[in-house]
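Chemist: As a plain string of letters, each chain reads:
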Amino acid sequence: MNLKACLKGTALAMVVALPAMAQDNAVTVVLSEELDLVDPCMSSRSNIGRVVLQNIAETITEMVPGQGLQPRLATEWEDMGGGTWRFHLRDGVTFHDGSAFDAEDVAHSIARTTGDKIVCEIGAKYFGGMELTTNVVDANTIDITADPAQPILPLLMSTMTVVPAETAVDSFVSTPVGTGPYTFDEYNVGQNIKLSANPNYWGDQPAVQSANYVFRSDSAVRAAMVQTGEADIAPNIALQDATNDAMDYSYPNSETVYLRVDHNIAPLNDVRVRKALNLAVDREAFVGTILANGTLLATGMTPPSTIGYNTDLTHYAYDPEQAKALLAEAKADGVDVDQEITLIGRTGNFGNVLETMEALTAMFQDAGFNMKLEMYEVAEWENFYSKPFAEDRGPQMVQAQHDNANGDPVFSMYFKYACDGLQSGVCDEKIDSMIADATASVGAEREAKWKDLFAYIHEENVTDVFLFHMVGFSRVGERLDFEPTIKTNSELQLAQISFK
Amino acid sequence: MTAFLQKRAFASLISLMGLVVLVFFLSRLTGDPTTLYLPVDASLESREQFRELHGLNDPILVQFGRYVGDLVQFDFGMSIRRSAPAIDVVLQAFVWTLQLALITMTLVTVAAIVIGSIAAFHIGGVFDRIATFFSLIGASAPDFWIAIISIVIFSVGLGWLPTSGTGTVWHWILPIAVLFIRPFGLILQVVRGSMVSTLSSAYVKTARAKGLRNKPIIFVHALRNAMLPVITVIGDQAAALLNGAVVVETIFGFPGVGKLMIDSILQRDFTVVLAAIMVTAVAIFVMNILIDILYAVLDPRIRY
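Chains U and E, in that order, are what the protein sequence lines are.
For the first sequence, the residue numbers in full-length UniProt numbering are 1 to 500.
For the second sequence, the residue numbers in full-length UniProt numbering are 1 to 304.
Same shape as in the complex, but just chain E:
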């Protein structure tokens, strides 16, 4: 296992380095940030002064060399827009995204597994049809529409919940509910499909023949074997959330990393873009390693 982890970590590091090179040069292709930071009436001298202050006058290879030199000392540079260390700006935002992703994925996983398993056990029944109907709607409905409609109904119409923000427990309900819908629909369908296949296997029939009750058959014997494809999809969905739920963060005013990344791209705040990509990439690498470990835990045939 240790050798496997070392190998994965090394491969991740190579990928990360490739990502840094790619993003550094691609982001520079988007243009000179000077025009965005200074008023349109700013003089040529002011523009030149701005470029000089932020090292934008140097050849791109010099800028890259300086960036890499700083990076190996864990200096991610300063945010042009915020005049603060880029890594601090990113980590502040990433904490919000991490909380949002963790809570949402925990709820999604539990709900999708329970409901998907029951639906698979009663395949073709009323419960299965209702679960399938709503999960397909959930998996295909656009986030921004659900978010705005939920504010109109629950905040403006009924007055039950705040429209947006982060102050209290109540503020988390709508964003989590909106984020919940799409992965829930998707994962429920995967759980259902995988369970349908597992429940028709010989060992489940044997368990039934031996007189075991439904609950242990579904949740003890069948579920563990049906979980491998489910975990893969959960990993994909969690990675998407870790990259930032841009729409939800924007509408509900959540100061997460997705919105930060989009804003920073639009504002040509290159150091923040790079720091955000590296932080999320590291988080996703870590999560993928955890998923690999989980495979081995669930299926003893898998050994690294």
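Isolated chain U (complex conformation):
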């Protein structure tokens, strides 16, 4: 073979090997990090959820934004009293391995997710501090009992992914099997994950017939991939890369940024000082400058999509003079308002977090606080954020970002505000009682009680400094008919995507 022929052959091979642009009914999704695990019981982690949740493994119920709690693998449920709920399961459902789905699978999945052989994130995140027991009534009916009783057990079941009863309880699976509309085909470590439509799915066949997930940690590269047609969706890009009006969407990402105030140590145990902290912050100045347009000013721990969100509350207006006056009043009563307060921030928590924290520090200092900023990476920061707190600490405020996309404040309020809450900086009997009451209520009463609690925390106890409900940015290719929602922060249901 002469050189010319050899070069021609090589050129032809390279052209053939050109990166295949997305096929008609296939999509490519570019995620910000490679998945370390693909086990359904870990799918409360954002990127694992975007691949696995409701695509491969389905939950017992499903929380749908704007529609509330909907059936998924359970078609209906009823309160049997004494902390027990009966779930009637969907008939005719099969797993990807061909086995039939029944109540034994649900019982096994609950035991596996909440068991102690492996630490499943769903178990640790949603079912800590409670014991779940199951009783299989028949193949399509199961009783689930929570101790202590959980009035929102059906809502909690919207987080519980179901795997076959044969799934090992002492190790994570590397090839997840579920009942979802997509099967897990292959995982080329470091390169991609491939899913394809499940022909035996119990529901409608989706428009997207296959999906390829690739991983790029640089936001600019993820945005460029959608721009060039190499990918169809980049669920999470940085504010500075969201420059294409035709492709970029902003959506409330269910994250709330706030400053957790430590009520245990003076001067932060004085309500006037906490109110002064709130008055010292010019929240509006952040939006559209170092934080994205569309960022909402927060008055509570959970985003507006949660039940009981109190729309009657308004954020504290920026008033440094009133803040100074409150500090002077407290000082006159013997409160040591000149004591140094440490503001603890978490590096990399969200875009421009350092700039945000520096601006906040300057605002507090302008209002007369002796404020010092310290930034920590996540593992060190966690020591300040979660109990047990250090005995010899001084007055502290910890910046944190809290995610609640589940539609109910119960996922947040106990941890953040109960006396025994892992991240609670306050211990107030009234708050504990209000959390217990709201948690035990249902329907309109539940909504009203959460609303009252939000008002008490914001107006009377002035527990924390609430700052912002954040927005995220996604880039979506123009051939897709898909608009990201608050759920895009934790899942990406391929079956909800169609083509233009």
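No lab work stands behind these hints: they were computed from the structure.
Be careful, since some hints might not be right.
If you only want the chain E side, here are some residues facing chain U, beta carbon under 7 Å, derived [as the list claims (entries may be wrong)]:
1. G31
2. L38
3. S46
4. I148
5. S155
6. P162
Just so you know, even glycine gets a beta-carbon here, dropped at the ideal spot from N, CA and C.
Once you've looked at the hints, dock chain E against the given chain U.
Modeler: Here is chain E on its own, set in the frame of chain U:
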């Protein structure tokens, strides 16, 4: 030579053991991985359970003893994050890094030697000035900037090449091109300097006086003598690439060992960090021995 190799291997083993001890204890100083692996809302019981499962509750000396005991049986432990053997995770990544380093260093070496030699022969000329200008720019330009700009130009703007990934031959062009620039600039300058010195030596003048053509003078006689310092720098640059081209791997989505190492440090995945350091250290020791052998091949005066 055999005695030399044995001596080097023994010295390398001692260094490796020191590295293991150092990295094991230093990595533990970075904190408890439990807080990174569990959600912030995880209960104290869950945290305790996680520590128990991964042996993090034991005193550090017990953990070290267990690690060394496993290591002598070539068991590098399990990755906490990936629930897979740490050595498998590292070797999968190392293959990508090795390919990237080999291709890049081959191209760099050939291009830098040829262009550096010609520049030295025409010292002060147009070719020399152009080569020097671009090599200095290349040696000082930041990788991440070149990488992003190259994607903007060649992928988004012109649409000639894919932005990132590993699927086809085309995917390798931008990462290799970006990796090429810095060592090329550096090695070209070393080749040029060394050749300038060699070309002014007496035996080159004698060759010219005897009427030899330029090509054999440069590439046969002068180059071999000018190569010793060049090989040292090539070794340094290759070692840097074997440690992982973190920036390039991150931006272009190459699943190499550099990115794995950084991710594992940030995630406190201690077993992977240690396995990655050992694998790259062994590769660098092997490469250094090869370079020593190459010295002896190029310069007969060097004997071990």
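Chemist: Honestly, which of those hints from before does the structure not fit?
Modeler: The structure breaks none of the hints.
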